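Chemist: Join the two chains into one complex using the hints; note that each chain is given alone, in its own frame.
These protein sequences, in sequence, are chains A and B.
Residue numbers for the first sequence follow the working numbering, beginning at 6 and rising by one.
Residue numbers for the second sequence follow the working numbering, beginning at 1319 and rising by one.
Just so you know, the hints here were simulated from the structure itself, not pulled from any lab data.
Each hint can be trusted.
Which chain A residues face chain B? A few, computed with CB under 8 Å, are given here: (1) A27; (2) T38; (3) R56; (4) K60; (5) T671; (6) E672; (7) A684; (8) E688; (9) L689; (10) M690; (11) P691; (12) H709; (13) G710; (14) Y725; (15) T729; (16) R731.
Cβ pair distances, simulated, as ranges: (17) B:D1450 <-> A:L180: 58 to 64 Å; (18) A:A579 <-> B:K1385: 49 to 55 Å; (19) B:G1531 <-> A:H709: 20 to 26 Å; (20) A:R649 <-> B:P1529: 55 to 61 Å; (21) B:K1385 <-> A:G239: 29 to 35 Å.
Every value quoted in this text rests on a predicted model; they were computed, and no experiment measured them.
For each residue, glycine too, the CB sits at the ideal point set by N, CA and C.
These are the residues of each chain, in order.
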Amino acid sequence: MTNHWIDIKNADCIMIIGSNAAENHPVSFRWVTKAMEKGAKLINVDPRFTRTSSKADIYAPLRSGADIAFINGVMNYIIENNLYDKDYLVDNTNASFLVNEKFSFKNGLYVGYNKKKKKYDKKYWRYQLDENGIPKVDRTLQNPRCVFQLLRKHLSRYNLDEVSAITGTPKHLLLEVAKIYGATGAKGKSGTIMYAMGTTQHTVGTQNVRSYAMLQLLLGNVGIAGGGINALRGESNVQGSTDMALLFHILPGYLKTPRVEDQSLKQYLEHWTPKSADPKSANWWQHTPKYMVSLLKAFWGEHATKGNQFAYSYMPKVSENYSHITMFEAMYDGKIKGLICMGQNPAVGGPNVRKEKKALEKLDWLVAVDLWETETASFWATPEVDPKKIKTEVFMLPAAASMEKEGSITNSGRWMQWRYQAVHPPGDAKSDLWILDKLAKQLKKLYKKDGGAFAEPIVHLNWNYGPKEEPNVHLVAKEINGYDLVTGKLVPSFGKLKDDGTTSSGNWLYCASYTEKGNMAARRDPRDATNKIGLYPNWSWCWPVNRRIIYNRASCDLKGNPHAPHKYVVKWLADEKKWVGDVPDGGWPPGTRHSFIMKPEGHARLFGFGLADGPFPEHYEPLESPVKNRMSKTQINPVTKVWRGAMNEIGNKKKYPIIATTYRVTEHWQAGQMTRNNAWLVELMPDMFVEMSKSLAKSKRIKHGDRVKIKTARGEITAYAVVTERFQAFKLNGRLYEQVGLPWHFGYKGLAQGFSANILTPHVGDANTMIPEYKAFLCNVEKEV
Amino acid sequence: MAAKAILFDLDKCIGCRACQVACKAWNQLPGEETRFFAAAGGYQNPPSLSPKTYTLVKFYETTVGDKFRWMFRKHQCMQCVDPACVKACPVEPVKAMTHDKKLGVVYVNKELCIGCGACYEYCPFGIPRIDDKTEKATKCTFCYDRVSNGMEPACVKACPTDCLVYGDRDMILEMAHKAQKRLKAKGRNPQIYGERELGTGCSKIYVLPEPLGYFPDLPKKPKVSEDLGLFHEFLKPLGSLSISAAVIGLVIARVKEARQTEEVTEKVEA
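The shape of chain B in the complex, shown without the other chains (with noise of 0.2 Å):
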């Protein structure tokens, strides 16, 4: 089976947020309580991903020229080709955050999770959330138990407009491309986004209407940290039984440390 991908092609997008409550029918999350909304620019809620929330649709009102835009984009997990937080992930020997490399897919095995929170400590894009209660990590799991029995992930299977596609990467890389030629056509300047972030890109490929900076919360150039190395060299000596989350949230403190320290050395020694 050939790794998949979404695409969205926000130009699409018309903002409604099937996808936001199918994610949630599907998980069988609840609903969230709210208040007014949580930010400016439209009708956002909740205010951010949550373990109740694995994907949610963020509003932007901007100009642009001498146009005013209203744009939609869902956020979520982009799930990395290569991703950070499955390098992260301390549980030895299977690792809790699972990689589907076939599929494409990064989930969480909420057997093996231990709650330290590593995966969201290395993620590039801020994505995974702990959930107090169970301490388990929580995100997107591209609806893996659908996409492994061939069925397309329940945001895409909800989406009326065909914004969202779900497919071969490779032909949602095509796609997106043909989008952006639309696009442009009409005077637009789109940006293809998830392609190639992170040097090997992504599961999720954004067509952005307008360029990234209209779109202020997504990384212009994410990075995995550095520190990622820092810290499988602190965990080496632990060895794997003695694996917990509090000794995590200890190794990955004194891995900001560390690099604090060097930081200062830097500035010293400079």
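In isolation and in its complexed conformation, chain A is listed as follows (with noise of 0.2 Å):
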């Protein structure tokens, strides 16, 4: 998020999209319902009508897959209609950069494609530069080579009817959406978008959230008091593991992971370190080289030396893609030899859960760290499989909840909440901590005696959380905040990392987490800032330096007075030189810095190109779609990799002309071994279903409550059938396409047990981020005879 959840509060209006909130996040309706009780308006953009769409002023049905159609058609609308915020657009967006004459888009594509690797040279997805380097701009934005103006030709192809034929969405509504939503581009007024994984979980999921963001600097919704771009994350604590990196891609703190062709500490900094010529531009990544260099002092200690480029050459480099599908593509293919599942269940979460757990078996080792002996746990014993054929050992590790330890979660919003343990684990569990403290441990200890390939990175390892049996976990949230290696105090902020090794930190983003007054996440001070906009600046801490609102900067014009005076994130105080509310953007003075820090140009990219896909969001129909791509000849993402080979099927609309997507209810929690195991909410849900239209289960001869086949290319499963009004045919050009909808909380293990929606979805994920398509595929019905 880049605003945090009670300041839904403050929004004029919401738009929930790609998201159930009301079912999934429901702690979260506190805050819509707060908003609405001042007046604010509720628009839900959902395939299906949910407990979300119930509480909406304006429910909008979309077909799944068809996000940037939406969003597309409301931004034309916008600009078409002049709603957009100009100034905000000037002042803190590249609309106004001038783009490099060569770039160009065509048939679906944008210049610089390469058919046969699947992949663009985006040399020409460049800024036109001035003699000192710096953008040039145009702020009137008439130069027809502006972002502004390109975005304005790019979204002109996106009219409502357009928008209409392709979405399923009845125009009216359409215009209903762009009307309202477009309303929060004037000054003083916000609109915030709520999202989740409806929203990524396609392969376009990226250009989805990309679309509403631009959607959201259209109107001027970025930095202020309800506004926002707030994805809300799938579990209470998925936030601070993103940030502390469980991903192959970056480092703790959004640190880039070395690639092959880092070689040397040098390379990498080289490579990683954005300069801008621009001297108005904070650039903050220019500070990498004093992260990383802290990083590696951090993990490595003593062992990292100016002498050996702080031990730089420990780290892995990385030649390729190494996300949930690409790994399991390669277990199936016999690559990968052992996996240690913490807290993950991919035989029930996975896609085309049938292959990944064929790829299972061919491991020669699973540990699983589960507080339930999960359906990947015994993956060898499901009905279908002969287990004396499976060769696999494995190992289980009963783990502590986390009510039964102590440690930090980082919510959605960024705030680092401190817990502390309520009660011990039962039996032999232990926390995670525990588990890998001795993992490590006894690790150093083997390599250290027998060696092995590459022995140092471990065996040089910087690991000291106290003598106890239990590991000192305050131990790991200092060394996470990181430490003044001269003095041996901790740092008070990030601002004081260096990059010659006489600091340390775990993640510089957490940098005054935890500091010599104490541990900043335990804070419970109830009082709210002065702005009184439900910052609580003293409840928790929030990363990056307790700033509640990021990039408030532009919450301000030039000379720091706040658009929205009512609810004002930060505004300067002119005669006292300083500014007040939130934590600012940095403390220069108004007009001296760009709004947008992160970015070497200082301002919001609507024109990106760090993107595999492209600059701009454009429509491509899902891996598997009823229909052909109305925009371009481009069918799917030309940049998405697309397996094929055993046990990858791709279905045809002939055979499988139904739309399915999958989702979570309020009732039960991902994989279900949490929920499948409580017999008070197995009470609530205790069956795997499949919802339909009544126009879908009349001419199949469903009824309510039938046992129902749900098929795909990948699998078949059984389900009851939930036949509803909430679920409508829609009308794509004309013609009617059905939809059903599959909870995908089941699975054979537990109180309450079920087919796995997993094993319809296909091995196909996202361009940029490889997360599944689990939210559009084709599929039939037939009922169970």
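Modeler: Okay, structure coming up:
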């Protein structure tokens, strides 16, 4: 979230798209409800009518996989009807920047597409620079090569009739959404977008998010109270795990994972430290060397010295994608021998689980760390396999639940909140920290004794969390914050980190979270800040530097006057020469630095060149779609990797004419172990079900409560039919297309059992992140006889 | 202490059922074995109140005007201001169905209850259930153990949206009327339920976002059965010593029989 949970209450209009917040983030509705009590409008855009839709002023049905067409249509309307915030665009975004003359777009492809490699050469996705190397701008936004005009041209293809034919959203609802949400472009008004996995789990997932972010920029909705682009994270600490880099492509604090070409620290820093010639650009990532060296010091302590490039050679260097699908494909191909699965249950939650379970069979060993014996831990006991033929050795380590251990979680709003141990874990269950501590110590011991391939990174690993049986979690938190290695004191903030090896920090973004003043995440002061917008600055702590709303300089004009004085985030007191309110994005006086300090050009990007699949979002169909792409001849995202071969069948619309999507419900949680083992929750939702429209049920002679078969190219499952008005067919270009919906929580362990919906989903992911396309695929249904 | 009440501002209900689970957690009630969904219109389960379930959320799929609506209602004892169940309770001299008039709480004293079912028979909302195993009446206790210690009921505590609010009945009624105004301004047709029902009202106050007719399982005009008087008349000669569940069962049957005869006589006379 650029903002945070409580801040939702400050919105004048809330758009929930790609999220079922009422069901999957019920507490968020505390703040949605408060906003609505003050008159805010709630818009919900979703393929199905959910408990979220039930609260909405406007519910706009949208075919799964058509978000970009929808948002592009809304943006087009906003531009053509002058609802955008021009001052904001000029001051804070790259709308006025001139783009390279050779940049172009044709047939659904941007310039530089290499058909063989399925990759773009992005050399023309660039700004025009002046003689000083600063991007050229046209503040009138009239130059045909400026970002604004290029965007306008790109969006002009998305008129509301066209959009309606793609999305299935009735035109009058598109218009209503565009008008009502567009009204937040007025000065002093704010609109927020709440999104989740309905947005991201597509082959165009990242561009879906980008389209929302661009809409927010057009309306001047980023950096303000009640605004922002707000990802509702799927688990309580998934923000924390992302910040700490439980992903292959980043290191803690969003530093880049070294690539094979980054052989030396010097090469790495040159590659990844952005430069800016613009004196008004803070270009915050220019500090990359300080953060990287401090991280290396945290990893390898005294073994990281100037002489050995701070042990940079110990860092793994990546050459390809190591995301979930890729990993399981490699496992299936026999390239991976062992797997440690901590708190993850891919045998239920992974896409194409039949294939993923087959991949598990090829392992020599599997370590499953969880609260229960999950479907993954017992993949060898699935009804359809013969355990005698499976050689994988499975180790089960019982783990402690969140209430059984001390530590922090970081919520979607970036708030790091300390939690205490409430009860002791049952039996032999241990905290994750205990398990990792034992594992690391044993590995260090073995590598020290026996050596092995490249033993030094493990033998020299800085690992010291106290002498007790249970590692000291405070020492971990302090290491993440970082130390001044000269004085031995905790670093007060990342401004003090250095690139000479005299500081350490396990995550620069968390610098200031645990200082000599104490554990900031444990603070519980319920008083609000002076601006009274619900920042509660001394309740827990948030990154970066306790800034509750990021990019907040954009909430003011260039003199530091807030556009919304009644709910200002920050404002400049000219007499006292200081900012008040939230922690500003840098203390520089107004107008002296651009507001988007993380970008080298200091401006938010309406035209972006960071993504693999294009500077502007363009509609492509899901891998499995019942219709041809109306926007171009490029049917699917042209840079998405599609796996072929064994167990990767793709369905066609003839055999599988019905659109399917998967989702979660309030009553169950993720792959289900924590809820399908709880009798109170099992009582509420005891069985796997499939939701469908009355028209589909009628045509298939299915009645509410019947057992129904659902088939895709990957497999077949059975579920109870829920026949409901909440599901409706979509009218696309005059023809009706049915959809069904499936919760993905079920499996064959626990009190409540049922088929896993992911037997049906394909092994294909987003072009940028490889997040699986769980949300849109093709199936057929029939009554079980 | 003033009489307490709970507001159900149903427009704010997101059907998350945290209240239903919190009730079980606080009252240490087991999960029920259920199958599929008990009713059309959404995800309701279990099918009805029971000795293991004091409250549950009902789902209503409906069309109001030209707009499809999905509404939710938490269902439980209404905690009447003048409770018929207490009047019906034959246990003497201290009634098993206990009425704390100060707090406005009605709950079953399980030590005294004989499980006769008179409370269920004469409840205008059909709420109490008899546990066959323990032979005791069961129903929402208004979390008497919590509220008498200055805490709010478990369901209210769990509600994320403040659809459920606990407080003095006067204040709750004021909030209900405010909510009604808010909904009217949004073009809805709200109705307050529980303020004046049965004449003296209830301690559970609903603000229904649409008229009562859209919630067909709520009695339109709840009333205390006239049989209740007859029941007491029949009970009088028995004396308190001979009271047992079986005897009360017979009396209730006799009352029904007498009522039927009366009806038949009335018809003949007419």
